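Asks: Okay, here's what each chain looks like letter by letter:
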Amino acid sequence: MLAKRIIPCLDVKDGQTVKGTNFVDLRQAGDPVELGAAYSRMGADELVYLDITASHEGRKTFTDMVGRVAAKINIPFTVGGGINELSDVDRMLSAGADKVSVNSAAVRRPDLINEIAGRFGSQVCVVAIDAKLTDHGWKCYLNGGRIETERGLFEWAKEAADRGAGEILFTSMNHDGVKTGFANEALARLADELPIPIIASGGAGKMEHFRDAFQIGHADAALAASVFHFGEIGIAELKQYLTNEGIEIRI
Amino acid sequence: MEVAIVKYNAGNLFSVVHALNRLGVEPVITDDAELLQKADCILFPGQGHARTTMTYLKEHRLDEMIRSFKQPVLGICVGQQLMCRHSEEGDVDCLGIFDVDVKRFIPEVKEEKVPHMGWNALTDLQTPLFKDIKEHDYVYFVHSFYVPTCSSTIATSNYIHPFSAALHKDNFWATQFHPEKSGTVGETIIKNFLDMSK
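Just so you know, the protein sequences line up as chains Z and P, in that order.
In the numbering used here, each residue carries its 1-based index in the first sequence increased by 3.
FYI, the numbering used here numbers position 114 of the second sequence as 106, with every residue one higher than the one before it.
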């Protein structure tokens, strides 16, 4: 059976991971390549690297880092942040990334999804959606949650899948950082309605939250950042727990 | 040892190069007959569309060449599918090294999403390619088409139904999964292939 995936997410600024870490055994905890390699050894199934640099110089540093990650790490990894056009995708894949995630740029110009899928294949194209449950239902947000749009989460996710997205990475802004669990109801609706895998993001605080994202939210993968970075949840320990709960996991 | 990678119009050969580099091997990527023939072993990786890649191989006379290789050859993903008789992806005749046809995954229930993407378990492992690999070890797959189990099957995985995770016939080996992206398990499989070629 296909295993559910556990994905640590690393935010990178000017070539360094941003969120602090408790990995005392690492020589350079801030080095995204070292940190990714450590997660891989612990049993992470994939990695996501997000470029949160705005500058041109920072972007070049990020591309160099992608090349070093590809040389060092033997599991799949996705890169995101600052992917606005096909040439950005080409640059990331040429540097060795397995997949790219697009977010705001795809909402502004949905054809980007068709272009990526047509040129490189759907398996390369992860569409990341930041959404918030408002009085008018789930709405999509842009630019890291700063700009509200009229787009509904379910409608946009379906359109993205129809246009050739290979996966949806759904972050609930209501749950992100709160550590009370993932948005399981919305996740289940996405997972049940769409023919592509759904990655749950936002809300992980305890191991039970991952179990619920898979069992109640029907997610195919679960992504988290701080609980892993701060060592609150160990990946090996989490994967053992999920296996004991009867979930198919790669150990 | 000399390791060659067949150069053609398939995507993402880098990850295989990196995987070999991590094992201390510097491969040559080439479509030159002489260079390929003198290599100790040959990798035939790839992502891409069966018809598009097969058309390219035929146009460049690489189809004849690949069939004539005498040293160990390892096909990966689309590489494996191209080594079969025929593919439903673009309804195209392939290299015919393995006497089996490539089929499209048809989901039976909505939980079964296509492509089959992620980590899945290997079972019924045979041959030295899987030395030190345990039953139910996981490897990484990304594919929408599959090779049914057949007389050349040396490893099976299950998605929707059982299918060939790896094939072997004479000097030809192939995996549907990506050993170069399959962590330490995949690294061991590549190392086993290189060891067989020494």
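Please note: incorrect hints may appear among the correct ones.
Unchecked claim - Derived DSSO-like pairs (lysine-lysine); straight-line CA-CA distance at most 30 angstroms:
| no. | chain 1 | residue 1 | chain 2 | residue 2 |
| --- | --- | --- | --- | --- |
| 1 | Z | Lys161 | Z | Lys142 |
| 2 | P | Lys123 | P | Lys30 |
| 3 | Z | Lys75 | P | Lys50 |
| 4 | Z | Lys75 | P | Lys(-1) |
Stated by the list, open to error - Partial selection, computed: residues in chain Z whose CB lies under 8 angstroms from chain P:
| no. | residue |
| --- | --- |
| 5 | Ala6 |
| 6 | Ser43 |
| 7 | Met45 |
| 8 | Asp48 |
| 9 | Ile78 |
| 10 | Gly99 |
| 11 | Pro200 |
| 12 | Lys209 |
| 13 | Asn247 |
| 14 | Glu248 |
What the hints assert, rightly or not - Covered stretches of chain P (in silico footprint by chain Z; criterion: 3 or more residues with CB under 8 angstroms from a CB of chain Z, positions within the stretch not fixed):
| no. | stretch |
| --- | --- |
| 15 | -1 to 8 |
| 16 | 100 to 109 |
| 17 | 127 to 140 |
| 18 | 175 to 184 |
To be clear, the hints were calculated from the coordinates, so they are not data collected in a lab.
Predicted, not measured: the structure shown is a model, and the values here were computed from it.
For every residue, glycine included, the Cβ atom is placed at its ideal position computed from N, Cα and C.
Asks: Please go over all the hints and tell whether each is borne out by the structure.
Replies: Results of checking the hints against the structure:
With a CA separation close to 14 angstroms, the supplied pair Lys161 (chain Z) and Lys142 (chain Z) stays within the 30 angstroms bound. At most 30 angstroms may separate the alpha-carbon atoms for a hinted pair to count; Lys123 (chain P) and Lys30 (chain P) meet this at roughly 26 angstroms. Only pairs whose Cα atoms come within 30 angstroms are accepted, and Lys75 (chain Z) paired with Lys50 (chain P) is rejected, the gap being roughly 35 angstroms. The hinted pair formed by Lys75 (chain Z) and Lys(-1) (chain P) meets the criterion: a straight-line CA distance of about 23 angstroms does not exceed 30 angstroms.
Nearest Cβ of chain P to the Cβ of Ala6 (chain Z): about 4 angstroms, under the 8 angstroms cut. The hint holds. At a threshold of 8 angstroms, the smallest CB-CB gap from Ser43 (chain Z) to chain P is about 7 angstroms, leaving the interface hint in force. A hinted interface residue such as Met45 (chain Z) counts as satisfied when its beta carbon comes closer than 8 angstroms to some beta carbon of chain P; here the least separation is about 11 angstroms, so the hint is violated. Interface restraint check: Asp48 (chain Z) against chain P, minimum CB-CB distance 6 angstroms, threshold 8 angstroms, status holds.
Given the 8 angstroms rule on beta carbons, the hint for Ile78 (chain Z) holds: about 5 angstroms separates it from the nearest Cβ of chain P. With its C-beta approaching chain P no nearer than about 5 angstroms, Gly99 (chain Z) sits inside the 8 angstroms limit, and its interface hint holds. Here the hint on Pro200 (chain Z) is kept, as its CB sits about 6 angstroms from the closest CB of chain P, short of 8 angstroms. At a threshold of 8 angstroms, the smallest CB-CB gap from Lys209 (chain Z) to chain P is about 24 angstroms, leaving the interface hint violated.
The closest approach between the C-beta of Asn247 (chain Z) and any C-beta of chain P is roughly 16 angstroms, which is over the 8 angstroms cut-off, so the hint fails. The interface hint given for Glu248 (chain Z) is violated, since its Cβ lies 18 angstroms from the closest Cβ of chain P, which is over the 8 angstroms cut-off. Against chain Z, the stretch -1 to 8 of chain P contributes 4 residues with a C-beta closer than 8 angstroms to a partner C-beta. That satisfies the three-residue criterion, and the hint holds. Coverage of a stretch by a chain is defined here by at least three residues with a beta carbon nearer than 8 angstroms to that chain's beta carbons; for the stretch 100 to 109 of chain P and chain Z the count is 7, and the condition holds.
With a threshold of 8 angstroms between beta carbons, the proposed coverage of the stretch 127 to 140 of chain P by chain Z holds, since 3 of its residues qualify and at least three are required. For the stretch 175 to 184 of chain P, the stated coverage by chain Z holds: 4 residues have a C-beta nearer than 8 angstroms to a C-beta of that chain, and at least 3 were required.
Checked against the numbered hints listed earlier, the structure breaks hints 3, 7, 12, 13 and 14; every other hint is satisfied.
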